[in-house]
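Undergrad: Sequence order for the protein chains is A and B.
Counted from 1, the first sequence has number 277 at position 277 by the UniProt record's numbering; the numbering is strictly sequential.
Counted from 1, the second sequence has number 115 at position 115 by the UniProt record's numbering; the numbering is strictly sequential.
Here are the simulated EDC-like cross-link-like pairs (lysine to aspartate or glutamate), alpha carbons at most 16 Å apart as the crow flies: (1) B/K179 / B/E94; (2) A/K456 / B/D279; (3) A/K378 / B/D356; (4) B/K258 / A/D92; (5) B/K192 / B/E131; (6) A/K378 / B/E389; (7) B/K304 / A/D475.
Hints in this document: simulated from the structure, not taken from any laboratory.
Please read these numbers as outputs of a predicted model, since none were measured by experiment.
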Amino acid sequence: MAAIVKTSAQQPPSAGVPVDDTSNSNKSVPDVTNAKSASPRKRRPNYAQIHARPVPVVVHPLPAFIPHNPLSIVRIAIVMFSHSLWPPTSHDVVHKAYYSAETHSIHVTNPQSIRALWEHGFWGAGSLSRSEPAWLEQEKRKRGIDASQTSEEYTRKRREERRQFKLERAKVQRETIEQQLRDEGKLDASTSIDEVVSLRLNATVDAADGLVDNSASLSNGKPENIGTLESVVDESAHLETRVALKDVAVEIQDQEHLQLTPEEAFFLTYSLGSLQIYRGETALSSSYLLRLYCAYSAFPIPEDAESHLYTLYSLRERINNFSLGTSVIAPILPDNAFLLRYAVYHHFRSLGWVVRHGIKFACDFLLYQRGPVFAHAKFAVIIVPAYSHSYWSETPERKAETKAKESRDWWWLHRVNRVQTQVHKTLMLVYVEVPPPWDESFRKGGFAVDVGGALKRYKVREFIVRRWTPNRNRD
Amino acid sequence: MADEDEDLSHLRGPEPADIDLSDETQDFRFLDKLIVQDKGTLSLPKRGEKDFEPHATSLQLDTLEASRQAMHNVLSWTRTHTRKNHILGVYHTETNMAYVEKIKSQHFQTIGKAKGNILWLLPEEALFMVERGTLDCRWPVKQINDEEHESVRSEELAPMSLQAAYAAFIGFEGGIGGKLTLEMYTVYAGLKRSGYIVFRTGTWDDERAELQYPNLEKGKSTKRSSWSSYFSEVWQRLSKPSIPPLTASALQFGPLLKPGLYRNYADIYRLLQTIPTHDRKAPPEFMLTADSTNPFRITFDVYKAATKFKKSERGTPDFRISVINARETSIPTAAQLNDLLATMPYDPPNPADNMDRKLLHGSRNVILAVVDNGIPSYMRFADVPVSDERLYERSDRAPRGKGGGRQYNPARELRMVAELASETAQKSATSSLTDRLGRRLKPPPRGANIRDI
Numbered sequence: 001m002a003a004i005v006k007t008s009a010q011q012p013p014s015a016g017v018p019v020d021d022t023s024n025s026n027k028s029v030p031d032v033t034n035a036k037s038a039s040p041r042k043r044r045p046n047y048a049q050i051h052a053r054p055v056p057v058v059v060h061p062l063p064a065f066i067p068h069n070p071l072s073i074v075r076i077a078i079v080m081f082s083h084s085l086w087p088p089t090s091h092d093v094v095h096k097a098y099y100s101a102e103t104h105s106i107h108v109t110n111p112q113s114i115r116a117l118w119e120h121g122f123w124g125a126g127s128l129s130r131s132e133p134a135w136l137e138q139e140k141r142k143r144g145i146d147a148s149q150t151s152e153e154y155t156r157k158r159r160e161e162r163r164q165f166k167l168e169r170a171k172v173q174r175e176t177i178e179q180q181l182r183d184e185g186k187l188d189a190s191t192s193i194d195e196v197v198s199l200r201l202n203a204t205v206d207a208a209d210g211l212v213d214n215s216a217s218l219s220n221g222k223p224e225n226i227g228t229l230e231s232v233v234d235e236s237a238h239l240e241t242r243v244a245l246k247d248v249a250v251e252i253q254d255q256e257h258l259q260l261t262p263e264e265a266f267f268l269t270y271s272l273g274s275l276q277i278y279r280g281e282t283a284l285s286s287s288y289l290l291r292l293y294c295a296y297s298a299f300p301i302p303e304d305a306e307s308h309l310y311t312l313y314s315l316r317e318r319i320n321n322f323s324l325g326t327s328v329i330a331p332i333l334p335d336n337a338f339l340l341r342y343a344v345y346h347h348f349r350s351l352g353w354v355v356r357h358g359i360k361f362a363c364d365f366l367l368y369q370r371g372p373v374f375a376h377a378k379f380a381v382i383i384v385p386a387y388s389h390s391y392w393s394e395t396p397e398r399k400a401e402t403k404a405k406e407s408r409d410w411w412w413l414h415r416v417n418r419v420q421t422q423v424h425k426t427l428m429l430v431y432v433e434v435p436p437p438w439d440e441s442f443r444k445g446g447f448a449v450d451v452g453g454a455l456k457r458y459k460v461r462e463f464i465v466r467r468w469t470p471n472r473n474r475d
Numbered sequence: 001m002a003d004e005d006e007d008l009s010h011l012r013g014p015e016p017a018d019i020d021l022s023d024e025t026q027d028f029r030f031l032d033k034l035i036v037q038d039k040g041t042l043s044l045p046k047r048g049e050k051d052f053e054p055h056a057t058s059l060q061l062d063t064l065e066a067s068r069q070a071m072h073n074v075l076s077w078t079r080t081h082t083r084k085n086h087i088l089g090v091y092h093t094e095t096n097m098a099y100v101e102k103i104k105s106q107h108f109q110t111i112g113k114a115k116g117n118i119l120w121l122l123p124e125e126a127l128f129m130v131e132r133g134t135l136d137c138r139w140p141v142k143q144i145n146d147e148e149h150e151s152v153r154s155e156e157l158a159p160m161s162l163q164a165a166y167a168a169f170i171g172f173e174g175g176i177g178g179k180l181t182l183e184m185y186t187v188y189a190g191l192k193r194s195g196y197i198v199f200r201t202g203t204w205d206d207e208r209a210e211l212q213y214p215n216l217e218k219g220k221s222t223k224r225s226s227w228s229s230y231f232s233e234v235w236q237r238l239s240k241p242s243i244p245p246l247t248a249s250a251l252q253f254g255p256l257l258k259p260g261l262y263r264n265y266a267d268i269y270r271l272l273q274t275i276p277t278h279d280r281k282a283p284p285e286f287m288l289t290a291d292s293t294n295p296f297r298i299t300f301d302v303y304k305a306a307t308k309f310k311k312s313e314r315g316t317p318d319f320r321i322s323v324i325n326a327r328e329t330s331i332p333t334a335a336q337l338n339d340l341l342a343t344m345p346y347d348p349p350n351p352a353d354n355m356d357r358k359l360l361h362g363s364r365n366v367i368l369a370v371v372d373n374g375i376p377s378y379m380r381f382a383d384v385p386v387s388d389e390r391l392y393e394r395s396d397r398a399p400r401g402k403g404g405g406r407q408y409n410p411a412r413e414l415r416m417v418a419e420l421a422s423e424t425a426q427k428s429a430t431s432s433l434t435d436r437l438g439r440r441l442k443p444p445p446r447g448a449n450i451r452d453i
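Chain B on its own, in the form it takes in the complex (with noise of 0.2 Å):
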């Protein structure tokens, strides 16, 4: 009944939203038909069950073996250029950044900054297709006048290694703190990798980014006719008796409440209400001197992979990134907070959503992209005005009765094993039951987990 929580929880598994394929131990076997299969074939992997425990079956060390056999292929796999994409780009030592000429390709749709006939990379973008193997950087050849510049052909000049390539694409930039660290690369390469359009916000120069006002909207004044509002003027007297307003001494030494006719509990919550909080539609204010070394700063504007995508015209990003260095930083302090927030638009929820959406919305929000030693970690800080969603005057307060999530059964899912037992035995399937319980049970069973026993 009361802090059921407790009880409930272990016999569910975790939210599907917080479930991240990437944190599990990979399969490799999915890997091999990525490269094997023709395009035509092509489709997204799937991954394996776990298994927990050897169970001396010589299926189980065949997949074993299966598993560790693709992970070698997958390693001993030569990356090489291909001729038909070869792609070749000078680095410049003043600004830090590599150029190639235009040529048409796909990356650079989302990628580089074209002026004239030329085609810059920021250093995160050349590193970024250096490493995956689309760019071959060279090192510029030293003392060349622009006449000869024109001249010497890119082919001539010395290749970079990939590890040069990290050496000197991170933190040579001009500007704060060398500007690109590896932290912002990792973050950088890795949303790359997981199919997002990523560029710099704005040009890192500035010591902060500009206050972002809500746009509130005017003309909110709905027109009633005249008749009716004095009718509802009345009928408010009516119902509402005059609330005493605090006096000093209630505030002073208490109770809030005296004792008296209340005609209802929101009248009372309202008199309650003495704790200041942050309001959340007013413009909002720096709390920080300006400061160049405030580690809280968007880093990066995300954009969702759409097919009609232009970097001249880029629009709103869908996701805002700021990248921390985890062992640097602690957590942000209510004044960092306040300051990053406050350079994010104003983004209230849909006002037709429940309250619960409303609330996991927020009305401004950051992502902070914590990396540990290349390690990245997303968290979603929303701010979130608590005190707009007035608990106490919905009238339609959750549905009558014990609710509270789904009801655990245990007499149909053991109505189930059995009959997973005697398919089974029927078929002598070679599958383990294991897999197939997985898919069709709630719970998602944690296996024959030595640690449940």
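One chain only, chain A, in its complex shape (with noise of 0.2 Å):
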């Protein structure tokens, strides 16, 4: 399968997969504010609406009972009745995939199934984008067809609002300096501070102490300088790729596709049933899936081990003993992490959270109380295996290994607990009980596996983990 389908950007929803109508009518919504783009304010998209569902999957809620308008109790009857006769159904999209072994995630190439599975839940991330597939419309953006402005053109904004106030900042600064320094009589009406602040350290100071010198003419000359090119640069750059735009055919074919982490495809796939893996025409069942992340989340990885892990599936039913496969692909072992970070990511999205990869902030998963465009991800999950399961205490190496495993010193919490306050996030350690071996059967050709019962030996436990000052404590 091609690694990116070519879609126009106005096509219409193709026919193959049905599409749910919210979305559509959503993304209606900030088209039309961008129409009106002289009104100083644009309305920002209503997210509310937009993300309304938390799972991609369709529920049929009965209409509200109002007790003081009887006629609810008919509208409610009939909606039972007609679901009673007509039974809808919470998946109507099954949207497919496939595995990219390169990169160890799962791409998603139909732009109806991204722009769904990011509103229904924040799935994923754009290959080309921070996040939010959002590739083509800054795209557009960029070539003057849509007014409309992504999150990175904010942010490049924004950076550069404060690059300028820092600029400013610094201007004051070193003007104060100047007038103190004329106060005291040192600086004359036309010299410039730089002289003198490089005569007096030369004076008082040795040559050893270049360093000093250095970065305090750094600091109170060059920025402009810096500033002054950069935007010159940016600016040329800017003008060249519009004009050599503009005469360029306007039709832009979407170059992105949609990636899953193995935690949220797996998810996707064993526990809400939404999204189909492929490997060729072949859909993939959850047993081979599990297999095939364990195999590749731990390094390193064998070269060829998703044939042979394939040949294997595909042959599962006529051969019962296959010694020779086992020798390339290894059973699953127990604290694979893999299955610890899928227990993890399963047990935080069962219980309502959205859990976003936390790569990009030093963590294992973010964890966002709706959704990353309402709020800030509060909590920052790092994941330690345990080990409290007496069989890990039987033999002394066994003791040894996973002592080497579970133990990480002082400075390490210390270091992750500070990276991330200063993100504004809270950190949450969850230890995940490490179950006996359990994939036994593998070698005697079993190639199923119990996922369910798999995913239950692993049991987990969070603590909060903030820093205590006794002098913020006392009252």
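With the hints in hand, could you dock these two chains into one complex?
TA: Right, dumping it as structure tokens:
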């Protein structure tokens, strides 16, 4: 399957996949506001409506019962009657995806699926965007087709403003110092501060301290120069692209696809059943996917792990004993990184949190209460394996091995916590109890995994870690 | 939009709760005020503003010189025992404690244990008082009979130096690991100096503390009239279609959620909950065997300073602190943490609080004082009942629209900078603009920090 599906931007929804009408109607909201770009403040899209569904599954609630309106009972009755005759389904779409061994991620290429997965539960990330797949819109805007702004552009603007502010502030500070120097009679009205600073420093400080000199002159003199240079470069680049792109045909092909992490994809397939992962034309089962993700989460990965696994999978019914394959593919270890991560992911998702990958914040997962468009994540999750089961302390070798795996020094914890408080997150340590080995049947030729049974062996426990300062708790 | 955290964070300063001024380098000028001024005008010192780079003004050089001078003044101050507050104590070899004759002193309201006419001081208490210059501890005379003991006046005994006090009081107690370690003393002294009242938890003799059971309130049954309960029952049956229970095959091979009719998302979420988690309300259990070498044990009970504090009736401590040696231990394993928290009282959050506060509070909590070569760092570990906060059942899920923290407005800031600049130009004030900016601007600027540019 091709990595990039080429679809024109304005193409109507393809007939293959039915698209729910809510997402379509919602998409029109920003467009309407953009048309009236003359108004100074643009209305922000109604995120509460766009992201009304927390998971890509439809529910059919009964109409509200209003005590002072007897007719509402009739409405409830009608809905219940029609639901019993023609039961509606929760899964109106099953999205398609395929596994990419190179990036260890799962690719979704259908634009409708991409939109739906993002809108209903914030799954995955655009391959060419920061998070929400917005490459196409950004591209259109760059070429002047669309006037809307993506989040990346907002950020860029904000950064520019911030930089300007810093320059202004530095200037004001410099002027105060100059004023002070003039008051003290160390500076003529004509000379600039840089000369005085470097002169004085050279006079008083040894040559060995030239570093100070450098930094002082750097902080006083250079920022403006650098700033202007950068902005000039920036602007000329912008101009060039604009001029060049004006002539290019308006049709832009969407080069972007959605990448799901193995945890997200497995939750969508195994738990919700709203994603189907394909290899060529064959749909893959959860047992196979679990083995695949587990094989790819440990390092080093055997070169042909995927193809071997697939051969075993396709032969699983005909051959009962495949000693040939087991040498390449090992049974799933109980402390496999994917399993630990998935157990934690599943736990928080099933409690209603929006869980997103935490690599940018030096943690395993970020927990959003509703989703990234509504509010910042408050909690950062770090997974710590726990080997409390008596199996792990049976032999001295096992004890030593598990000790190495579960112990982290205090500097590590402080480091992690410092980083998290700096980005306004609270650190949540999640201990996952590692069960004794459970995938023994694999050696005997059982390919299938009892996924639910395996997952139920992993017990999670959450702790919140924060600094405590004596000076702030005295009252 | 998404993950916009990564851009915003640097615009805001760290949260006020995370700023610990004691981490910063001290400006000694404020100490000067403490000593020079008489008690009538004593006020809490304010810390100065940071300067980041030399800019050759006399003002800056003078400030620096003043700070240096203040430091020298402080260090050159001779500490003496005043006649009035002189307390004599005697070291007791058998128990490694010190005793003093019962005197009325402010210190003994929160320190020591009275037995008859004599007040006994634990090693850390005696050492702390010796170090702060309140107690004059003396070595005992060898081989004294009881009658003689009465006659020997403690003034005639050999005085104990501070070095000797450290050597004598730390690590020579009978019991587990010599009991008092230098780490424990560091934490004790630090907390005492911060104004807390600190006591040992228990006697430090037990292999481990007792389990603390949650006192779950009984009589939770809310009585409803039979009519309303009947209607609510009917309504529940109507509104919730019978959700098929998880079949074995669904659990085994997925999907957990079979296509069908679901009335609300809460039902779906309930169906998905398959990962077992720790039950915080259940009576706790130990996971490890009793072991006196387990470093994770409660060391100190800490009380906030209160006016009517009685040694005999301490009440429940405000904080419980476990002292840990950072070099000898790694972060606690799940079993160690479980056992430590099992000995802490069940302290659920206020149910009226919002969800974030409830999560931050946790159901049980402990403060670990991690000491690395004399520097303590306090970490609060809270056992969080995340599963009890059913996010999916909340109808008021956050305010509508795009929230997320304070909005940063650069235009406003620039205006303020301009205002300040004109102000200073008029007054030609001597105070540096950086200070004033620092007070008036949000986010707090990092001065003309070289690293920023």
